[in-house]
Amino acid sequence: MKSEKKRIGVFVCHCGINIAGVVNVPEVVKRLKETTDAAVVIDHQYCCSDPGQNLIKETIQKEKLDGAVIACCSPTLHENTFRKTAARAGINPYNCEIANIREQCSWVTEDKEKATDKAAKIIKTLIKKVQYDEPLTPISIPVTRKALVIGGGVAGIQAALDIANTGYPVILLEKNPSIGGKMSMLSETFPTLDCSQCILTPKMVEAKQHPNITLMTYSEIDSVSGYIGNFKVKVRQKARYVDWDKCTGCDICVGKCPKKVSDEFNCGLSERKVVYKMFPQSVPNRVVIDAPNCLYIQKGACRLCEKHCPFNAIKWNDKDEIKELEVGAIVLATGYELLDKQRLGPYGFGKLKNVVDGLQFERILSASGPFMGEVKRPSDGKVPERIVFVQCAGSRDPENAMAYCSKICCMYTAKQAILYKHRVHQGEAVVFYIDVRTGGKGFEEFYKRATDEGILYIRGKVSKIFEKGDKVIVWGADTITGKKVEVEADLVVLATAMVPAAEKSFAQLMKLTQDEYGWFTEAHPKLRPVETLAGGFFLAGASQGPKDIPEAVSQASGAASKVIILFASDTLEHAPVIAGVDEDLCSGCGVCIDVCPYKAREIQVKEDGKKKTVKVIEVLCEGCGACSAACPVGAAQQKNFKDKQIEDMVKVGLE
Amino acid sequence: MTSFAYYPGCTLYTKSKNLDLCARETAQILGVELKELETWNCCGAIFSTVTDDIANQVAPIRNLIEAQKISNKLVTLCAACYNVLKRSNLYLAKAGNETYRKRLMNFLDTEYNGKTEVVHYLETLKYDIGFDNVKAKVVKSLNGLKVASYYGCLMVRPSEELKFDDPDNPVMMDDLFAALGATPVDFPFKGECCGGYILVDKPEVATKCAQTVIENMAASGAECVATTCPLCQYNIDNQQKMMSKQYNLPIFYFTQLLGLALGIDEKILNLNNHFIDPKPLLKQKGLLQ
Amino acid sequence: MIIDETIKKDIEELSGQKLSDCYQCGECTAGCPTAFAMEPVPSQSIRLLQLGKYSELLESAGIWLCAACNVCGERCPRGVDYGKIADACRTIVLRNKVTHITLEKVDKKFILDAPQQAFIAAFRKFTT
Ligand SMILES: Cc1cc2nc3c(=O)[nH]c(=O)nc-3n(C[C@H](O)[C@H](O)[C@H](O)COP(=O)(O)OP(=O)(O)OC[C@H]3O[C@@H](n4cnc5c(N)ncnc54)[C@H](O)[C@@H]3O)c2cc1C
Ligand code: SF4
Ligand code: SF4
Chain R
1 MKSEKKRIGV FVCHCGINIA GVVNVPEVVK RLKETTDAAV VIDHQYCCSD
51 PGQNLIKETI QKEKLDGAVI ACCSPTLHEN TFRKTAARAG INPYNCEIAN
101 IREQCSWVTE DKEKATDKAA KIIKTLIKKV QYDEPLTPIS IPVTRKALVI
151 GGGVAGIQAA LDIANTGYPV ILLEKNPSIG GKMSMLSETF PTLDCSQCIL
201 TPKMVEAKQH PNITLMTYSE IDSVSGYIGN FKVKVRQKAR YVDWDKCTGC
251 DICVGKCPKK VSDEFNCGLS ERKVVYKMFP QSVPNRVVID APNCLYIQKG
301 ACRLCEKHCP FNAIKWNDKD EIKELEVGAI VLATGYELLD KQRLGPYGFG
351 KLKNVVDGLQ FERILSASGP FMGEVKRPSD GKVPERIVFV QCAGSRDPEN
401 AMAYCSKICC MYTAKQAILY KHRVHQGEAV VFYIDVRTGG KGFEEFYKRA
451 TDEGILYIRG KVSKIFEKGD KVIVWGADTI TGKKVEVEAD LVVLATAMVP
501 AAEKSFAQLM KLTQDEYGWF TEAHPKLRPV ETLAGGFFLA GASQGPKDIP
551 EAVSQASGAA SKVIILFASD TLEHAPVIAG VDEDLCSGCG VCIDVCPYKA
601 REIQVKEDGK KKTVKVIEVL CEGCGACSAA CPVGAAQQKN FKDKQIEDMV
651 KVGLE
Chain A
1001 MTSFAYYPGC TLYTKSKNLD LCARETAQIL GVELKELETW NCCGAIFSTV
1051 TDDIANQVAP IRNLIEAQKI SNKLVTLCAA CYNVLKRSNL YLAKAGNETY
1101 RKRLMNFLDT EYNGKTEVVH YLETLKYDIG FDNVKAKVVK SLNGLKVASY
1151 YGCLMVRPSE ELKFDDPDNP VMMDDLFAAL GATPVDFPFK GECCGGYILV
1201 DKPEVATKCA QTVIENMAAS GAECVATTCP LCQYNIDNQQ KMMSKQYNLP
1251 IFYFTQLLGL ALGIDEKILN LNNHFIDPKP LLKQKGLLQ
Chain Z
2001 MIIDETIKKD IEELSGQKLS DCYQCGECTA GCPTAFAMEP VPSQSIRLLQ
2051 LGKYSELLES AGIWLCAACN VCGERCPRGV DYGKIADACR TIVLRNKVTH
2101 ITLEKVDKKF ILDAPQQAFI AAFRKFTT
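Keeping their order, the protein sequence lines are chains R, A and Z.
If you read the first sequence in the numbering used here, its first letter stands for residue 1, the second for the next number, and so on.
If you read the second sequence in the numbering used here, its first letter stands for residue 1001, the second for the next number, and so on.
If you read the third sequence in the numbering used here, its first letter stands for residue 2001, the second for the next number, and so on.
In short, the hints are calculated from the structure, not lab data.
Given the structure is predicted, the values throughout are model-derived calculations rather than measurements.
A few of these clues could be false.
To be verified - No more than 25 Å apart at the CA atoms, straight line, and that leaves these computed lysine-lysine pairs for BS3-like:
(1) A:K1208 with R:K483
(2) Z:K2109 with A:K1241
(3) R:K351 with A:K1163
(4) Z:K2018 with A:K1094
(5) Z:K2108 with A:K1241
(6) R:K260 with R:K351
(7) A:K1094 with Z:K2009
(8) A:K1208 with Z:K2109
(9) Z:K2108 with A:K1208
(10) R:K121 with R:K644
(11) R:K483 with R:K468
Take the sequences, apply the hints, and build the full model.
Have a look at this one:
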């Protein structure tokens, strides 16, 4: 801490009448001159204006000041402005501080005299602070300008393409054999009814062919270490039992494989072979062998695929491979799943064959689906004459499932009902809803279209669904007429809640925070929606919360631009107002490690091998001060907010 | 022999003697003594949900205090008694209800804080005796008998309080019948209401409720029904004759079927106390001479 | 019957339910076994209370039709138990010494046949 006194200038801003209308500025100036050791005290109408800044700069130079206090609005607004002004005048910017006499004084204090007193006190505390302030320089760290995008749905693909198109290399990692995500399972998309595959596959192909994108499918994250700009990631590439360099995706083996299992891509509505491609347009266009089900791998007999493969691509000795990556930024685009129908007891626990969820119905509608796009029901392949759509199945239900609104179901239900009517003209579609939420471009018009096409909307939530003969009975209510309603249906479609795909263990691996349901939490719900509190991690698409395709894509581009901004320079500047450790005092108790929300602190063993102390990973520290408050011995001290400094400031404030 | 305090309740002493007697007898065979409370009074037949209703809580709590003389566990049989006693007990012991409890105690002689555990005989069979041990004692397997287990409302709801079984798909009775050799049939109305509680006031509405349930049971392919509740038994049994279509579904107390399988005396089974005579079905299945 | 604003407080206290929790989805009505005959149905009954139309509900036939089966409370997404609200409403009426049924009204044959439980419950629920 500096002992010799600084020459400090105080600049009191009127902010028009925002401050001066309440605070008696000349009086404040007079008092500061009389009672403090400030070298100069000047006031100005608008300090942030060009003339204001010039005055500050000139005064600093003329008066040979080495510290400044600007008494004005909140530091969140103009701290940066004035620190730059101070730097231009030749003093260390961290020796220029803001005294907030607007938000914390004039705007909230009616009594003029009290406001004046208070303003003077606030400024005095900041003069004290500057006396103690050390000159600081921003921390500079190198940046690996290479990104990792986790999740190859539409959001992940978009983020990868945007980053790659700026010239930076990207690794696009997907746990399934193919990229595409949920969008590749959809039939047509609201509100324009364009074919989902048709608009998605060009992007998938572009990602595959892009010189800056490396696809790693059938892969999962094993571990992540490091920090913003400098991550080390271990990826587990699962054994495919097929040599992808040799395989051409000809599908001959698929035709020969004798064993069938439930097809995940068709949501269990059909079967696939054990050696399989997820869907015809899979990217990469390669097959994998599903080892737990393979007759040869499990029982030692069969090998038909190997026998028939014209390219000798079957590779029985394939193993999981661990690949190490070094990247500077990570985009999370892990998307969503649908709530398990088993959780909906009153709706039949997912055991009723003719009660499907939204994605299953997308597959039923899809031309590449289990019924080639003909609307049939799973139990007997009959064309349903009446379909009941049940909205809010597990959404908006804090008691039994998810409290939140899944946001997309109103629209996709309308879409699915319309598509059903297009395929089965005499078919009846009935929708049970609590509210129809159409807050998107073209959405309300789309809903109108649904009712125009004769779809019956009944306002009430469904309480029970059960089978009666080959029909499904739905007990609902029409709250508008106040009647209980029973509808006999051939097929029921549940708009089950969207739930996050990322499990808790995955988030822990990433050291990321999730909300109570598992959606990744953003750094700020309004102003930093694509960033996370952990530096270098960005969010795209439905991993952060329920989203439709346009929203997922825009957020992906937002996340990509944040990555690009980070990559704009090969070094990273980090504010130096961070916490340190006084190693002589630190006992290595680790209390601070638990309280640090940014995971910026860790235990280190000193060279002598005996003493344990805490170490700060400077780039991760955001200077929040939690550790300083928690440290029992005062070893965690924040630069320019040291205990002694704060104590003296408080003393001055209470004088 | 383990013995548990046992609460029969008013209906089991009169109209539903077979529910009670079969339980005592089967318990004996299974090595458990159901020891009737020395003195007991009516539970009130319906749980009062009104938060300040002390008057109607005194009766059930008295029984719980009485049970303490025998064991910490009180076995019940009638679905209503189970529901009322268990919920009264929970309400009294609920955190935050201390003032209520103090006021209630003014009307009782013995201090009580909820330590009697109220269970249903089905739970005794499942957890204390074990269905495997029940199975070992079967002398007449109910082989081929298709039984719909009807739980009704009182056994399963409110599930948060009773924690008896899944309110949308209870299986405890089904599992018991499977152990007895019968074929449990699944049907979606296992926990639906038969309208019993409004039978006296609005018989026409209760009739409709019961008939909806009966139709659903019949559609499931069941040959007979089993219940734990005298009100359900009466309602489902009695309403059938008023229906345009005659389903002829006998409805038993679960303890009657248990008793049949364990070979207790036909007099105790008392198969004459039914509107729909169950004997032809049992004879057809070779379960009765 | 004299109705005033304190009734809302009474109903909320007696039932332990918060009327504003109900967002009128209708799931209670949809599952209620007697809703076909009940007027007003559960969700509308709560709506009447939310609108302050207490007397309309307290004087209605609906509150006496609740079979106390607990389906509404079990499935309500907002944790509202209409059965308890109906019980509270009936209690308010009964505590004003307005009895709902009398023994004379009940079919004699029925008294001989039906289980005691049915009568005790009915007279506990429906008389002052
Ligand atoms: C029935 C239904 C119909 C819909 N219809 C429409 C519509 O008509 N119009 C519209 O705009 N939107 C629609 N949607 C919404 C649409 O599906 C989503 O907006 C979109 O898929 C979100 O894309 P995403 O990339 O964020 O997530 P996803 O599509 O879920 O992609 C995430 C990807 O990440 C992968 N992944 C997950 N975890 C990991 C991990 N740990 N490691 C590696 N990879 C991982 C997944 O395998 C997946 O490929 C519909 C949704 C449903 C349920
Ligand atoms: S070896 Fe396995 S993958 Fe190959 S054909 Fe046989 S079952 Fe299919
Ligand atoms: S189910 Fe619950 S929220 Fe829905 S209308 Fe009934 S009481 Fe209200």
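Review point. Does K2009 of chain Z lie within 25 Å of K1094 of chain A when you go C-alpha to C-alpha?
Key: Roughly 22 Å between the alpha carbons, so the hint for K1094 of chain A and K2009 of chain Z holds.
Check your understanding: Would the pair K260 of chain R and K351 of chain R pass a check requiring their Cα atoms to be no farther apart than 25 Å?
Key -> It holds: about 22 Å lies between the C-alpha atoms, which stays within 25 Å.
Exercise for review: Below or equal to 25 Å on CA atoms is what counts here, so check K1208 of chain A against K483 of chain R.
Suggested key: holds, 17 Å
Point to revise | 25 Å limit on alpha-carbon distance, applied to hinted pair K2018 of chain Z and K1094 of chain A | key: holds, 19 Å
Check your understanding: Under the criterion that the straight-line Cα-Cα distance not exceed 25 Å, is the pair K2109 of chain Z, K1241 of chain A satisfied?
Key -> Measuring from Cα to Cα gives roughly 15 Å; hence the hint holds.
Review point. Keeping to a limit of 25 Å between CA atoms, is the pair of K1208 of chain A and K2109 of chain Z held or broken?
Key: holds, 20 Å
Review point. Taken at face value, is the distance from the CA of K1241 of chain A to the CA of K2108 of chain Z at most 25 Å?
Key: holds, 19 Å
Exercise for review: Sort out whether K1163 of chain A lies within 25 Å of K351 of chain R, counting only the CA atoms.
Suggested key: Within the cut-off at roughly 23 Å; holds.
Review point. Does the alpha-carbon distance linking K483 of chain R and K468 of chain R stay inside the 25 Å limit?
Key: holds, 22 Å
**Study point:** Holds or violated: K121 of chain R to K644 of chain R, with C-alpha atoms at most 25 Å apart
**Key:** holds, 18 Å
Practice item. Could you grab the alpha-carbon distance between K2108 of chain Z and K1208 of chain A and see if it respects the 25 Å cut-off? Key: holds, 21 Å
In this structure, none of the earlier numbered hints is contradicted; all agree with it.
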